[in-house]
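There are 2 protein chains.
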Amino acid sequence: MSDDVKFLLTERDIPSHWTNLLPDLPGDPVPPLHPGTMQPVGPDDLAALFPMALIQQEVSPEPEVEIPEAVRDAYRLWRPTPLYRARRLEQALNTPARIYYKYEGTSPAGSHKPNTAVAQAYENAQAGIRKLATETGAGQWGSALAFACSLFGLECEVFMVGSSYDQKPYRRSMMETWGATTHRSPSDLTNAGRGQAEHKTGSLGIAISEAVEVAAQSPDTNYSLGSVLNHVLLHQTVIGQEAILQMELAGDRPDVVIGCVGGGSNFAGLTFPFIRQVLRGEAAMRFVAAEPAACPTLTRGVYRYDFGDTAGLTPLMPMYTLGHDFVPPPVHAGGLRYHGDAPMVCALVKEGVVEARAYRQNESFAAAIQFARAEGIIPGPEPAHAIRAVVEEAEAAREAGDQRVILFGLSGHGHFDLSAYDAYLAGSLEDLEFSEADMAAALARLPETPAIA
Amino acid sequence: MSDDVKFLLTERDIPSHWTNLLPDLPGDPVPPLHPGTMQPVGPDDLAALFPMALIQQEVSPEPEVEIPEAVRDAYRLWRPTPLYRARRLEQALNTPARIYYKYEGTSPAGSHKPNTAVAQAYENAQAGIRKLATETGAGQWGSALAFACSLFGLECEVFMVGSSYDQKPYRRSMMETWGATTHRSPSDLTNAGRGQAEHKTGSLGIAISEAVEVAAQSPDTNYSLGSVLNHVLLHQTVIGQEAILQMELAGDRPDVVIGCVGGGSNFAGLTFPFIRQVLRGEAAMRFVAAEPAACPTLTRGVYRYDFGDTAGLTPLMPMYTLGHDFVPPPVHAGGLRYHGDAPMVCALVKEGVVEARAYRQNESFAAAIQFARAEGIIPGPEPAHAIRAVVEEAEAAREAGDQRVILFGLSGHGHFDLSAYDAYLAGSLEDLEFSEADMAAALARLPETPAIA
Numbered sequence: 002m003s004d005d006v007k008f009l010l011t012e013r014d015i016p017s018h019w020t021n022l023l024p025d026l027p028g029d030p031v032p033p034l035h036p037g038t039m040q041p042v043g044p045d046d047l048a049a050l051f052p053m054a055l056i057q058q059e060v061s062p063e064p065e066v067e068i069p070e071a072v073r074d075a076y077r078l079w080r081p082t083p084l085y086r087a088r089r090l091e092q093a094l095n096t097p098a099r100i101y102y103k104y105e106g107t108s109p110a111g112s113h114k115p116n117t118a119v120a121q122a123y124e125n126a127q128a129g130i131r132k133l134a135t136e137t138g139a140g141q142w143g144s145a146l147a148f149a150c151s152l153f154g155l156e157c158e159v160f161m162v163g164s165s166y167d168q169k170p171y172r173r174s175m176m177e178t179w180g181a182t183t184h185r186s187p188s189d190l191t192n193a194g195r196g197q198a199e200h201k202t203g204s205l206g207i208a209i210s211e212a213v214e215v216a217a218q219s220p221d222t223n224y225s226l227g228s229v230l231n232h233v234l235l236h237q238t239v240i241g242q243e244a245i246l247q248m249e250l251a252g253d254r255p256d257v258v259i260g261c262v263g264g265g266s267n268f269a270g271l272t273f274p275f276i277r278q279v280l281r282g283e284a285a286m287r288f289v290a291a292e293p294a295a296c297p298t299l300t301r302g303v304y305r306y307d308f309g310d311t312a313g314l315t316p317l318m319p320m321y322t323l324g325h326d327f328v329p330p331p332v333h334a335g336g337l338r339y340h341g342d343a344p345m346v347c348a349l350v351k352e353g354v355v356e357a358r359a360y361r362q363n364e365s366f367a368a369a370i371q372f373a374r375a376e377g378i379i380p381g382p383e384p385a386h387a388i389r390a391v392v393e394e395a396e397a398a399r400e401a402g403d404q405r406v407i408l409f410g411l412s413g414h415g416h417f418d419l420s421a422y423d424a425y426l427a428g429s430l431e432d433l434e435f436s437e438a439d440m441a442a443a444l445a446r447l448p449e450t451p452a453i454a
Numbered sequence: 002m003s004d005d006v007k008f009l010l011t012e013r014d015i016p017s018h019w020t021n022l023l024p025d026l027p028g029d030p031v032p033p034l035h036p037g038t039m040q041p042v043g044p045d046d047l048a049a050l051f052p053m054a055l056i057q058q059e060v061s062p063e064p065e066v067e068i069p070e071a072v073r074d075a076y077r078l079w080r081p082t083p084l085y086r087a088r089r090l091e092q093a094l095n096t097p098a099r100i101y102y103k104y105e106g107t108s109p110a111g112s113h114k115p116n117t118a119v120a121q122a123y124e125n126a127q128a129g130i131r132k133l134a135t136e137t138g139a140g141q142w143g144s145a146l147a148f149a150c151s152l153f154g155l156e157c158e159v160f161m162v163g164s165s166y167d168q169k170p171y172r173r174s175m176m177e178t179w180g181a182t183t184h185r186s187p188s189d190l191t192n193a194g195r196g197q198a199e200h201k202t203g204s205l206g207i208a209i210s211e212a213v214e215v216a217a218q219s220p221d222t223n224y225s226l227g228s229v230l231n232h233v234l235l236h237q238t239v240i241g242q243e244a245i246l247q248m249e250l251a252g253d254r255p256d257v258v259i260g261c262v263g264g265g266s267n268f269a270g271l272t273f274p275f276i277r278q279v280l281r282g283e284a285a286m287r288f289v290a291a292e293p294a295a296c297p298t299l300t301r302g303v304y305r306y307d308f309g310d311t312a313g314l315t316p317l318m319p320m321y322t323l324g325h326d327f328v329p330p331p332v333h334a335g336g337l338r339y340h341g342d343a344p345m346v347c348a349l350v351k352e353g354v355v356e357a358r359a360y361r362q363n364e365s366f367a368a369a370i371q372f373a374r375a376e377g378i379i380p381g382p383e384p385a386h387a388i389r390a391v392v393e394e395a396e397a398a399r400e401a402g403d404q405r406v407i408l409f410g411l412s413g414h415g416h417f418d419l420s421a422y423d424a425y426l427a428g429s430l431e432d433l434e435f436s437e438a439d440m441a442a443a444l445a446r447l448p449e450t451p452a453i454a
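So the sequences go chain by chain: A and B.
All the letters of the first sequence, read from the start, carry residue numbers 2 to 454 under my numbering.
All the letters of the second sequence, read from the start, carry residue numbers 2 to 454 under my numbering.
Honestly, the hints are just simulated from the structure, not real lab data.
You may find that some hints are simply not true.
Said to hold, decoys possible - The calculated label-pair distances, taken between Cβ atoms and stated as ranges, are:
1. E396(B) to P27(A): 43 to 51 Å
2. S429(B) to M2(A): 25 to 33 Å
3. T300(B) to A49(A): 55 to 63 Å
4. H35(B) to T11(A): 48 to 56 Å
5. A93(B) to M2(A): 14 to 22 Å
6. Q127(A) to A93(B): 14 to 22 Å
7. Q127(A) to G428(B): 58 to 66 Å
8. E449(B) to T11(A): 43 to 51 Å
Said to hold, decoys possible - A few chain B residues that don't get close to chain A, going by computed Cβ distances all over 12 Å:
9. M2
10. L9
11. L23
12. P27
13. L34
14. Q57
15. A126
16. S174
17. H200
18. P220
19. N363
20. E393
21. D418
22. A424
Stated by the list, open to error - Computed footprint of chain A on chain B, listed as stretches where at least three residues anywhere in the stretch have a Cβ under 8 Å from a Cβ of chain A:
23. 177 to 186
24. 331 to 343
25. 376 to 387
Ideal Cβ positions, reconstructed from N, Cα and C, are used throughout, including at glycine.
Put together the whole structure using the sequences plus the hints.
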């Protein structure tokens, strides 16, 4: 085992292919449905929003998908990202566990999101598209796409969830520094936004509806999604592929791999290359998906077809859902405020390959501050949930006296989330509740859809 | 020459020694003076503020100073930092120049400042000190020291320059996340602060006076300075030593090395190892110090003895100065708002080894935005001045048709400076003026001191 604390790769180690887990998934494929016909969505149904190259990635049966050279060239600006051994955290937790983390905060936008943003911007530019419209929760995705559009000469228009827009004004400045335009969602620029004006804090579902509406209106504007879809998860698998090489450099093998889940792309990016090893019988390990107790999609949602957005403009997707018009409480982990989750991640939870756990806001910030004081890096509120799960695993290792190896995804830094740390340190951070009544109401309004086979 | 864009080292390449340029400096040494006796300051004069190990580093005649193992271990959290070739910026500038930059923004605090903060916190903890008091301009130094104190179990009290405290509230949250306490300077907690209450925007000179006063009052509290002093510059030389190795990996040699200068530690950290090569006749290259036109110490100050702080509590230092009670306009490059500069850097300017240039706020932000859109990273307002100088050199290379090699220090990111980018993009950023009248008044109040030999 290595004595190092950092495991670095060179740019020649940037993966040449993305890992497509779709052909490995247990059970029969469960396609998204067209809400009009209730038939599986075909490539043509998506062509109004996405370039054909991304649609082909969305449905590809190939286990590996080649990364275009221009995308790998853009990746060189920040990839490979570092993997660290959290020795000081281990000491602080007094645990026999060995804790590693893969850190995506060194990207220009400060999270894993540019991994797919540059891939999407590139394919849209290749297809002759002039502008991309998108939504953003915490601002991570919007700033990643703004950055990617600046690299490939595209315009970028971002609908930012109201609560995050108010909490994180500098995320907006960041997007505008890279040349994007931003709107607070719900806005009065779209039918979807005007129809949800009473939800002042907004939600990812509403912001998605607004961006889809803008993209659908104009032939030279496409839509770009930062999570959930197969091709987005695909692009993120560079994270896990690098982590496999770096764990080899460390001379260690993970027993449990942990990530936070909002739409699922961060979690998938780290875990899918490891999950392939497990599904193929090449390795044995556990996977833990950490989500907020205020928006507990995987732990308390129902597994069925539902829309990806609030207004019902997207295909129906097979997933755990809290109801497509559920507006989560305004927790600071804006990137985790989504009523559903990526169908591929949901299928793995359903099959028992991935275990989901929900954590409250305050316990997550407490873990994040312990991490920051030991390791230096101040985590985003989203990966703070993963760190809470890590602390739980490390304490269990201490109690059991085992030397389990924990790998987690530190998906981004918290430089734009310090008002939340401020609130936590002042004791004024709320443990926002998941309301059974809200959920019952949302579930009652779910669309009638075929059962998932 | 390498085709790579990033040049990475392993943690085994973290330097084992700091580069002490003091014995290489041209001319006779010019010691600081005790303001009461006008005699050279001795180690005992500094013992009320600093531990003896740092005082020994301050006056060491040794060309290399060994880095304590515990400090190198802390460095492993983020060092070595990356060196990049800015290929996309070269294309955007249409220049035959090759541009490289050493990026210190990957440290926990987001700048070069932790390089000395961990060294200072370690030596104070070794000496049995319980608390460190300090000042901070932009917040970079205060957050670096807060982080370092959290690693070595020290309390940390920070006086933050008023204008930056107002512009950058999240820097304060960051310091508090690492466990420090912060005060807006001028404060009513010290005589120095109460005496300068009319200077509402504050200055580094005032904040230094406040922190020195707090440290002088208590035997278990020491003072910690983030720049200017020899031992601080010494600690930063890990930057340039790594850059020398990385330029070798790149297969290239700089013709000009550029850094921004506030107190001088970032500039010294990058350049001193290269300057040693030049002073020893092993290499030939130019060095450019970029400073703000609103606080043009090196380009328009006078070279003489002056106090390091506003209240006159420090020794008299030989340096270019705008007068120790000059309060610079509240430019966003808070780290560059200092009336003097490090004596070692000043001596090199005086000897013609280093060329100083002053740039206005708006032209610096224009260059920073061009950099951000090409390279992804959003620079802090301080290194934006260095980038402006880089653009000037790159344009000169294009006009001259030469392939000059430019290396610059990107000392930190701008994640806490986005309100300034906002103002620039909105066209409301002022090109704050350096007032001749203010300077004349400040110079008229300079202390009577011996001439520099």
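- Query: Do three or more residues of the segment 177 to 186 of chain B come closer than 8 Å to chain A, measuring C-beta to C-beta?
  - Reply: holds (count 4)
- Item | Hint check for A93(B) and Q127(A) - Cβ pair distance inside 14 to 22 Å | With a Cβ separation near 21 Å, Q127(A) and A93(B) satisfy 14 to 22 Å, so the hint holds.
- Hey, does S174(B) actually stay past 12 Å from chain A on C-beta? 4 Å, violated
- Query: Are all C-beta atoms of chain A more than 12 Å from that of Q57(B)?
  - Reply: Check passes; 28 Å lies beyond 12 Å.
- Non-interface claim for P220(B): all C-beta distances to chain A beyond 12 Å? 27 Å, holds
- Task: Against chain A, does H200(B) hold up as non-interface, every C-beta pair farther apart than 12 Å?
- Result: 27 Å, holds
- Task: Using the beta carbons of T300(B) and A49(A), state whether their distance is inside 55 to 63 Å or not.
- Result: Given about 58 Å between the Cβ atoms, the range holds.
- Item | Outside-interface status for N363(B) - nearest CB in chain A farther than 12 Å | Check passes; 15 Å lies beyond 12 Å.
- Item | Minimum Cβ distance from A126(B) to chain A greater than 12 Å, as the annotation requires | Per Cβ check, A126(B) is outside 12 Å of chain A; nearest 15 Å; holds.
- Query: Are all beta-carbon distances from E393(B) to chain A longer than 12 Å?
  - Reply: For E393(B), whose nearest Cβ neighbour in chain A is about 22 Å away, the distance exceeds 12 Å, so it holds.
- Item | Given as non-interface: L9(B), partner chain A, CB spacing beyond 12 Å | It is violated; L9(B) is separated from chain A by about 5 Å at its closest Cβ, not greater than 12 Å.
- Query: Is L23(B) truly not at the interface, in the sense that its beta carbon sits beyond 12 Å from all beta carbons of chain A?
  - Reply: 30 Å, holds
In terms of the numbered hints stated before, the structure departs from hints 1, 2, 5, 7, 8, 10, 16, 21, 22, 24, listed from lowest to highest.
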